[in-house]
Amino acid sequence: MIGAKAKVWIERVQNGRSLYLVGVLAYILAALLLMNWLNRPGLRDAVWYPLVSALAFAAFLGSLLLIYYAPLAGLVKGILGLSILLVLLPFLGVRNTFLLEVATQVGIFAAMALGLNIVVGFAGLLDLGYVAFYAVGAYLWAIFGSHQANIAFGTNRFPLEPEWFFLFLFLAVGVAAFTGILLGLPVLRLRGDYLAIVTLAFGEVIRVIVNNLDKPINLTNGPQGIRPVQRPPLFFKPWLNALGIRLDDPTLYALYFYFLVLVVIGFAIWLARRLENSWVGRAWTAIREDELAAQAMGIPLVRMKLAAFATGASFAGAMGMIFAAKQYFINPESFTFMESIGVLVMVIVGGMGSIPGAIVGATVVTILNLQILKGLSLMLNKLRQAGVVIPILNFPLSQWPTQLEPAKYERLVFGILLILMMILRPQGIIPERRHRMELAEALGREEAPELERLPAEEELPPVIPAPEVKPARD
Amino acid sequence: MANLLELRKVTKRFGGLVAVNQVDFTLEPGRIVSIIGPNGAGKTTLFNLITGIYKPDEGEILFEGRSLVGLRPDQVTARGISRTFQNIRLFGNMTVMENILVGMHTRFRASPVDILFQTPRFRGEERELREEALRLIRFVGLRASPDELAKNLPYGEQRKVEIARALAARPKLILLDEPTAGMNPQETAETTRLIRRLRDELGITVILIEHQMRVVMGISERVTVLDYGEKIAEGSPEEVRRNPRVIEAYLGRGVAIGAIA
Amino acid sequence: MAVLELIDVHTYYGHIHALKGISFKVEPGEIVTLIGANGAGKSTTLRTISGLVRARHGRVLLDGEDITHLPPHEIVARGVGHVPEGRRIFPQLTVWENLEMGAYTVKDRREVARRMEFVFTIFPRLKERLHQRGGTLSGGEQQMLAIARALMMRPRILLMDEPSMGLAPVLVESIFEVIRQLNQQGTTILLVEQNAHMALQVAHRGYVLETGRIVLEGTAQELAHNPQVQAAYLGMH
Amino acid sequence: MRKAISQSVLYQALVVPLIQLFVFVAISLVVIGSVVLILAALFNRPVAGGMTLLQFVIRTLPQVAIDGLVIGFLYAMIALGYTMVYGVLQFINFAHSEIFMVGAFIGVELMLALAIPSTAPLMLIMAGILLAVAGGMIGSGLLAVVVERVAYRPLRGAPRLVPLISAIGVSFFLQDAVRAIEGLLNNAFYRNYPSFPVLNQQIPLASFTVAGQPVQMQIQAKVIFIIIASLVMLSGLNFVVNATRLGRAIRAVAQDRPTAALMGVDVDRIIMLTFLIGGALGGATGVLFGVRVGRIDPYVGFIPGIKAFTAAVLGGIGNITGAMLGGIVLGVLEGFAGAYLSQFTGGAFGAEYKDIFAFAILILILMFRPTGLLGEMVGQRA
Amino acid sequence: AAPATPTPTAPPAAPAATPTTAPTETPAPAVKGTIKIATQSPLSGGQAALGEGLKNGAQLAIEQLKGPIEALGFKVELVPFDDQAKPDVGVANAKQIVNDPDILAVVGHLNSGVAIPSSETYKDFDLVMVSPANTNPCITDRGYLTVNRVCGRDDVQGAVGAEFAFNELKVKTAFVIHDKTTYGQGVAEFFRKRFEELGGKVLGFEGTEEKANFDPLITAIQAVNPEVIYFGGIYDQAGVFFKQAREKGVNAIFLGPDGMDSSELAKIAGDALVTGGGMYYTSVAAPPTVYEGAKKFIEDYKAKFGKDPEPFSAQAYDATAIVLKAIEEAIKEAGGNKPTRKAVAEKVRATKDFQGITGVITFDERGDPVKAKYFVIKVISGNPEDWGKNQLVKTLELAPPPFTPELKAACGVK
Ligand SMILES: Nc1ncnc2c1ncn2[C@@H]1O[C@H](COP(=O)(O)OP(=O)(O)OP(=O)(O)O)[C@@H](O)[C@H]1O
Ligand SMILES: Nc1ncnc2c1ncn2[C@@H]1O[C@H](COP(=O)(O)OP(=O)(O)OP(=O)(O)O)[C@@H](O)[C@H]1O
Ligand SMILES: [Mg+2]
Ligand SMILES: [Mg+2]
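Chain order of the listed sequences is S, B, Y, P and L.
Quick note on our numbering: the first sequence kicks off at 1 and runs consecutively.
Quick note on our numbering: the second sequence kicks off at 475 and runs consecutively.
Quick note on our numbering: the third sequence kicks off at 736 and runs consecutively.
Quick note on our numbering: the fourth sequence kicks off at 973 and runs consecutively.
Quick note on our numbering: the fifth sequence kicks off at 1355 and runs consecutively.
One chain only, chain S, in its complex shape (with noise of 0.2 angstroms):
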C-alpha cells in the first residue's frame, strides 16, 4: 500500500510536478521572508511601509490561491494549504496581531459569503437583508451572554458561562434557520426582484428592530448596543501552558477566535459542496434556471427555496454569534444595509456559485478595506507629513489639500476597483464552471470547458427496467 504511494510519488515527480512542487515553496518563503524583512523596526519609518506591508500579507494569503490552481495532488495541496493556515498564519499573528484580526474577519465573511452563495449562487434567490441573519446569531449571544438579558427579563442569573457558549453556537445556527424560514414562508410566491425587495426590507425591519427594542422591554439596549459579551472559556491554557507557550489572554483570544472561525469554515464549505453535488444542489439549479419548468419536474419551489434560505442563515447565524463574542460589544450598526450589500459584493466579485470564489471574493474585499486601501492612504499620509515633493510638476505634497486627503477617498477607490472588476472578469475571480461558460460565450470571449469523461457504451447494462403497467390494445 505504501509503497504503491510512494511509487505513484516518485512517478509524479519525475513528471515534473515537483518543480511546480518548488516553485509553490519558494514563492511561500518569499512572502515570509519579505514579512520578515518589513519587520525591522528601522523600516517602520518607511513611507512605503504600510502600503508594502499589507501587499506583503496579500501576497502571503495569496499563496492558498497559488496552492490551488497548482498542478499538484490533493494530499500536497491539502498539506501545504493546512500548515499556511494552521501553522505559518498563527505564528506570524502572534506576533502581529492585527493580521490575526484580518485573517479572522476575512474568516467570518468568508463563512457569510459561503452562505450567502447558496442563496443567491446555488439557488438564484437574490437576498439583500442577508445581514439581518448575522444580526440574530450575534444578539442571541449577546442578551443571553451579558447582563443584558437580568434587564430584560429581571433575573439576576445572567451572563450566562462562558461554557455556554458551545451550546449557544447550535442554537444560533438553529435559531437563524428558523428565522431564514419565516422569513422565507411569506415570499415564496415573490420572483426576482420582489423578493430582492423584501429581504431588503426585512434586512431593514430587523435592524430597526434591534435599534429599537430599549423599549417597551429592554432587550437590545437600543443603540446603546450591548458590552460585555462573554467569551468562550480559555479551556486550553493550561495544555499551552503545560507545553511551554504562554502567551496574554488577548493573544490567546485572537488565535482562538481565528481557529474557531476555520473549524466553521471548514465545515461550511463540507456541507454547500456536499449539497452541491446532490439532488438538492441540482434541484436549486434547476430553479434557478427555469421555475416553471422546475416545478414541473417535481421540485416542491416552496420547500427547497426554504431550505436555501435556512441553510444559508444558518452560516451567518454563527457567524454573527462569534462575532459578537469577538466584538466583546455589539450595536445594531454593525447590521446595516451596506453590509448586506458587501457580502453580495463578496459573493459575487469572487464568482457566483463558486465556492472557492465566494471564499476567495471574501479576502480579496476584506483585505482590500482592512489593509490595502488603509496601506495606500497610510502612505499617502506619510508622504505629505515628509514634506515630499511631487518630482516634475514640483508640487510639494504638504499643499496638497485636506480635501483630498487619500483616507477619505477609500471608498471612492473601493467603488472604481469594483466597477472594473466587474468589467474585466465579470464571472469572478473563480468562477463556477457553469456560470463560466455561460458567460465567456455572452461576452464573446473564449474559455474551453472542462468536459468529464462519459463512461463508454459497453460499462453500461443494457435494458430499461419497464415499469408494470402493460400496454393495452384493443
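There may be inaccurate statements among the hints.
Listed below are the simulated DSS-like cross-link pairs for lysine-lysine, each with C-alpha atoms no more than 25 angstroms apart in a straight line [what the hints assert, rightly or not]:
#1 S:Lys215 to L:Lys1565
#2 L:Lys1732 to L:Lys1748
#3 L:Lys1706 to S:Lys215
#4 S:Lys215 to L:Lys1762
#5 B:Lys705 to Y:Lys862
#6 Y:Lys755 to B:Lys625
#7 S:Lys237 to L:Lys1477
#8 L:Lys1692 to P:Lys1194
#9 L:Lys1477 to L:Lys1692
#10 P:Lys1194 to L:Lys1686
#11 L:Lys1696 to L:Lys1602
#12 L:Lys1706 to L:Lys1686
#13 S:Lys215 to L:Lys1555
If you're looking for bench data, these hints aren't it; they were derived computationally from the structure.
Once you've looked at the hints, dock chains B, Y, P and L with the ligands against the given chain S.
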C-alpha cells in the same frame, strides 16, 4: 378497464376568452392518443390544466380516480404525470445529464444526512440513477454528449432531451406538446418510432399534441379535435380525417385558400 | 449582381465552430431555400446575415456592399427582414404593438395602417387578438404574429427561419402561398425550412447544409429529385 | 380603425393613469384615515396636552394626510427613474440615488450662483428654481448616460447581478467624487439651498371644527411644485412610454434586444435615451428635494433611493403608474405611522418604527399581490 | 521611488498657525525615533464632517504643540484612521494601531459604538486613548486606565439642559426628540429623567433616523404644543428639523446638547433659531466669546482648514494637547528615551489643571474630567458669521456622578 385520466366538463377562461370550454376527455391506460386542432384551439391550455399550471374555472380532472384540481405542478408530477413543453424549457445552463437527473427529482430517497455523510445509500442511489440517465439518453437516441450544456444543443436534440427528462420521473402518463416541431422528416420519423416505444417498451400512456398529420395518423389510436376551446370531434384517425368540420377548421382541402386578394 | 452574397463565412459560438466557410449567392427575385439537419447551421447563417451574430472570417455582401460588420438595425435599414427562429415576439407588447414594431422604420402612419390591413387578410386570427399580449398567444398564433411582423417591414430580402413550425396544416398551406405571392411582388426570399418538401416546391434554388458546410446545391427541381436529399430530408425511403 | 386605436392609446396613456391615481389616492386616504379614526375611537384615552386620543387624531388627521401625500410624491418621482431603467435593462440601477444626489448638487450650485435675494418677487424665484431644475435634468441626464456607457454597457449579456455590483461601485464613486469636488470648491461637502420666505409660507387650505376640535389644513408653498412636477412627469412619461414610437421601442428593447434590433431599432441608442430620461427625472427630483429639505450632502440619495426603490416594487416594477402609486402609499403610510404610532401605543413604539410599519405593509401587499399593486402576472406560457 | 529616509529639514509648517504659540522652529537634534499619535474617526460616509473636524483638531494641535517633543529628539507624526463609523472597522484599525509600536496614543473616536469595542483592544495593549467626543457613561465607567475623555458625560449634560429649562426658562412641558444614536439617545434620556424629576412634563419622547422629512413628527408636536423641544443629536439633523418646525408654525423654545455647537446649524436653520422661543444649547466647550484660547483656536482652524471648526474639534485639540504633554513628561521620565505606553497612559491619567481651550482639565480616577464646566449658550443670530458671538447665559461646574461599583457594574465590569 378503469380510466387513467378523466376530464369532466373542464373550462378555462382568460378574461373574456374561453380557452377551454366544457371539455370531456377520458383515457385508458396504455394508449397513445392525440389532440389536434387549429392554432389557439386550447390544446396547450389543456395540458397546463392537467399539470396544475392553470387551475380550471370549472370541471373536474381525475387521475387514477383521484382529483388533480388544486395540486401544484410538482405534486402532479409526483402522481406520475410528466410533460414536455411546446417552447422547449430545458435548464439551459445545466448539462444534459443534469437535466435528466433533475427530472428524476421525485425518485431520490437519500436524506440530507445521507448526502452530508455520503452514506452508501446516497452513493448507490446516485450511481444507479446516473446509469439509468445514460440509458435514457441512449433510449431517446441522443447523439450529443451527456456533458454538453443543454442550450448548446440543436433544436431537435433539445426536444429529445426534453423527452428523456420527462421519462426520468418514470411517469405513468406523459404529455408531449408538439414533440416534432422543428424536426426534419427523418427526425420526425425517428421521434414517431420513439413515441411508440414509450408505450410498447415502457408501458407509458401518451397524450400527444401535434400538427404533423403524418405523425398523428401514424401512431395515435384515437384523436380528439379541439376548436375554439371546444371538442368538435373525436374518434379513430380515419374517422377524424374524414370529418368535414375537421377538414374545414384544421386540415384544409389541400388547396391554398384564397387568403390573399 | 446578386442581392446577397456570402463569401467563405465562418461563425463561432464561443468555441463552437458553427459555420465553416459558407459561400452562396441569392439573385434578385429568387426564392432560395436552405435545408439541412438539426444543427447544420441554417439558423446561424440567417443570423450572420442579419448581424445578430458576427462572422469571424469571410464577408457578407448586400448589393455588393460589405455589411459583415454592420449592427443589425443598419442591416434592417438596408431592407433585410428576418423572421427569427422560435418566434421571438415581444411578450409584453400587444399584438398591435408587435405589428407596429415591425414597421418601426416606416414613418408614414397611413402606410403602416395599410400594411396592417394587409396582414390581417392573411391572418384574420391576429385581428381577433389585437389587444392581447403577445406572450399569451398560443404557439401558432405567435408564429403568425412573427411572420406578420416581418411583413409589416416590407423588406426587399426576407430571411425566414422555419415559418411553418407549429402551424396547423391549413395555415401551412397558406403560408407557402404567401411566400409565393410576396416573391411575385418582388421580394427576394431566403427560406429555411424543415418541411423541405414544401420548401422545394416554392423555391427556385436550394442549398443543402451539413455541419456548417454547404454540401449540395442546385435548382429546387434537381434537389427534389436528388436521391440523397430524398432520403435525408424528404422522408422518402 | 387607426384613429380609434391611436386615440385610445392617448387616452390610455394620459387620462387613465391620472384617473387611476386620483381614485387610488382618494380610496387609500379614506381607508387609512377611517382605520385610524376607528382605532382611535376604540382605544380612546387621555394623551398628552390635555386631549384624548380621538381628539388628537381628529385635529391632526387632515394635515398628516397632506404631509404623507407630499413625501409620497417625492418618492414617486424618484421611483419613476428606477422604473425606467428597470424597464429596459431589467436591473436595479443602484446608482440612481446618486444620480438624484448629483442633480440636487447641480441645482444648489446654480441657485447659489444666481444669488436671487431671498425677498425677490415670486416670479423671479420660480424662474430661478425652474432654471435649477433644468440644469439638474441636463446634468443628471448626461451623467446617467456616461455611467451607462462606462459601467453598464460593457456588461451587457452578463448575468443580472454583475451590473448590480458595478452600479454599487458607481454609487460609491459618485458619492465620494461629489464630496471631493464640493470639498475642493467650497471646503465643505454639504450645501444649503437658499431659503425664500415666500416659498416657505404655509398656505391655509381649510380650517374648520369637527367634534369640537379645531382642524387646520395647510400646505407649504414650495411643495406645490413637487406635486405639480410629479403629475407632469407621470403623464409625460406615461405618454412617452406607452403612446409613442420611442416608448414602444423602449419596451421592445426591454423584452428582447436582438429581436428589437431585427426590427431596425438601434438598441444602444434606445438604452442611452432611457438612461437620459431616467437620469433627467432623477435630476429634476433631486433639485426639488433640495428645495424642500434645504440641506444636502453626497449621501442624501441613499435613504430616499431605497424608499423609492421599494415604492417602485410596491407598485409593480416596470410600471410607471405603479411606481407613482407605490410612492404615495409608502409616503402616506410613513406619515401616519410617524405621527400616530407613539400616541396609539402610549409611547411604547414611536415614530422610529415607521419604516418597519411601511415595510411590513409592503411585505403584506406583496404576499397578496406578488407582482405589486399594478404589476401584471406575466402570462405564463408553457 | 525616492529613498524613504526622513528629510532632516524643518518639519512641514502649518502656514498661518505658528506665530504666537509654542515656538516649533527650534533646530532639531538627531532624530531618536518617531512618535505617532493616531486618530480614529469616520472620514468617509455620512458622518465624515464631524469625523474630519475631529481629525483636523488633532492635526492642528500636533502641528502647533509638537515642539517640546521634537526638541527632545523625536519626530511627531499624526496617523489618521478612518473607522467609517463601523465597529468592526474600528476594531480592525485598533489592532493595526496597537501593533505599531511607534503609536503611543489614540485620539478618538466619534461614535461611542465604535469607541467601546476598540478601547478594549487599546486596553489590552496599554495604549492610551483620549476621547474628545464620546459622552456615553460606559466609556469611562469601565474604569480602564487607558481610557479618558475631555468631554462631558451624557448623564450630566442632559441633566444640565433639563435644569436650565425647568429652573431658568421656567417651562413645564417638553417634547424630546433624539437621533437614535448612542450619543443622542443618551443625552435625551438623561434630559427626560431630570426634567421629570424636577416636576416637568414630557409630552413625547421620539427617536428618529429621518434626516429630511419631519412633517409627521411636527404635526404631532403641534397638536400637543410643548413649551420646549429638546433635540438630542447633531446639528445636521437638528437644523433641518428646527427649520421645518418653525416653517410649520411651531413656536416652542429649542434646546440641545453640544452636538448643536456649529455655525452650520445657523446655515441650515437660519432665522428659525432666533424666531419663536429661540434656541439654546448646552456645551462642555467654552464659547469663544469667553475664552481667549477658544477664540484663537477658531481663528487658527479657519486659517488652516478654511472653515469653521465642527463640534468636537476643539475637544480633539485639547485631547491631543494632553497626550502630547503626557508624552513629553514620560520621555523626560524615561531619561530622554522613548517611553512605554503604560508610562504614557499613567501620565495622561495624572493630568492636572491642564489649561485647554475648552477649559481646565483634571482627570479623575476613571478618566473623566473632575468638575467639568458646562455652559448654556443662547443663539443670538440666524447668521452663521455671528455664531462665535453667541451669548453665554449660564455656567455650571459639575462633577460627574461619583465612581461607584454600581456604575461599573452597569457597564458590565465586575
Ligand atoms: N395566459 C393567457 N392569457 C390570455 N390568453 C391566453 C393565455 N394562455 C392562452 N391564451 C389564449 O388561449 C387560447 C388557447 O391557447 P393554447 O396555447 O392552448 O392554444 P393551442 O391549442 O396550444 O395552439 P397552438 O397549436 O398554436 O399551440 C389562445 O387563443 C391563447 O391566445
Ligand atoms: N447560442 C448558441 N450557443 C452555442 N452554440 C450554438 C448556439 N446556437 C447554435 N449553436 C450551435 O451551432 C450549430 C448550428 O446551429 P443552428 O441553430 O444554426 O442550426 P440549424 O441548422 O438552424 O438547426 P435547427 O434545424 O435545429 O434549427 C449547432 O451545433 C448548435 O448547437
Ligand atoms: Mg400549443
Ligand atoms: Mg435553426
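A quick look at each hint next to the structure:
Between S:Lys215 and L:Lys1565 the CA atoms are separated by roughly 22 angstroms; this keeps the pair inside 25 angstroms, and the hint holds. Our distance criterion of 25 angstroms between C-alpha atoms is met by L:Lys1732 and L:Lys1748, whose separation comes to about 9 angstroms. Of the pairs offered as hints, the one joining L:Lys1706 and S:Lys215 is violated, with about 41 angstroms between alpha carbons and a cut-off of 25 angstroms exceeded. Taking the CA atoms of S:Lys215 and L:Lys1762, the gap is about 23 angstroms. The hint holds against a cut of 25 angstroms.
At roughly 24 angstroms between alpha-carbon atoms, B:Lys705 and Y:Lys862 fall within 25 angstroms of each other, so this suggested pair holds. Between Y:Lys755 and B:Lys625, the direct Cα distance comes to roughly 21 angstroms. Compliance with the 25 angstroms bound is thereby established for this hinted pair. For the hint linking S:Lys237 to L:Lys1477, the alpha-carbon distance of about 21 angstroms falls within 25 angstroms, and the restraint holds. Under the criterion of a C-alpha separation no larger than 25 angstroms, the hint pairing L:Lys1692 with P:Lys1194 is inconsistent with the structure, at around 63 angstroms.
Restraint check for L:Lys1477 and L:Lys1692: satisfied, since their Cα atoms lie roughly 20 angstroms apart, inside the 25 angstroms limit. Pair hint P:Lys1194 plus L:Lys1686 does not hold up; C-alpha atoms about 65 angstroms apart against a cutoff of 25 angstroms. For the proposed pair L:Lys1696 and L:Lys1602, the alpha carbon gap of about 56 angstroms is over 25 angstroms, so the pair is violated. For a cut-off of 25 angstroms, the pair hint linking L:Lys1706 to L:Lys1686 stands: about 18 angstroms separates their Cα positions.
Of the pairs offered as hints, the one joining S:Lys215 and L:Lys1555 holds, with about 19 angstroms between alpha carbons and a cut-off of 25 angstroms not exceeded.
Consistency note: the structure conflicts with the earlier hints numbered 3, 8, 10 and 11.
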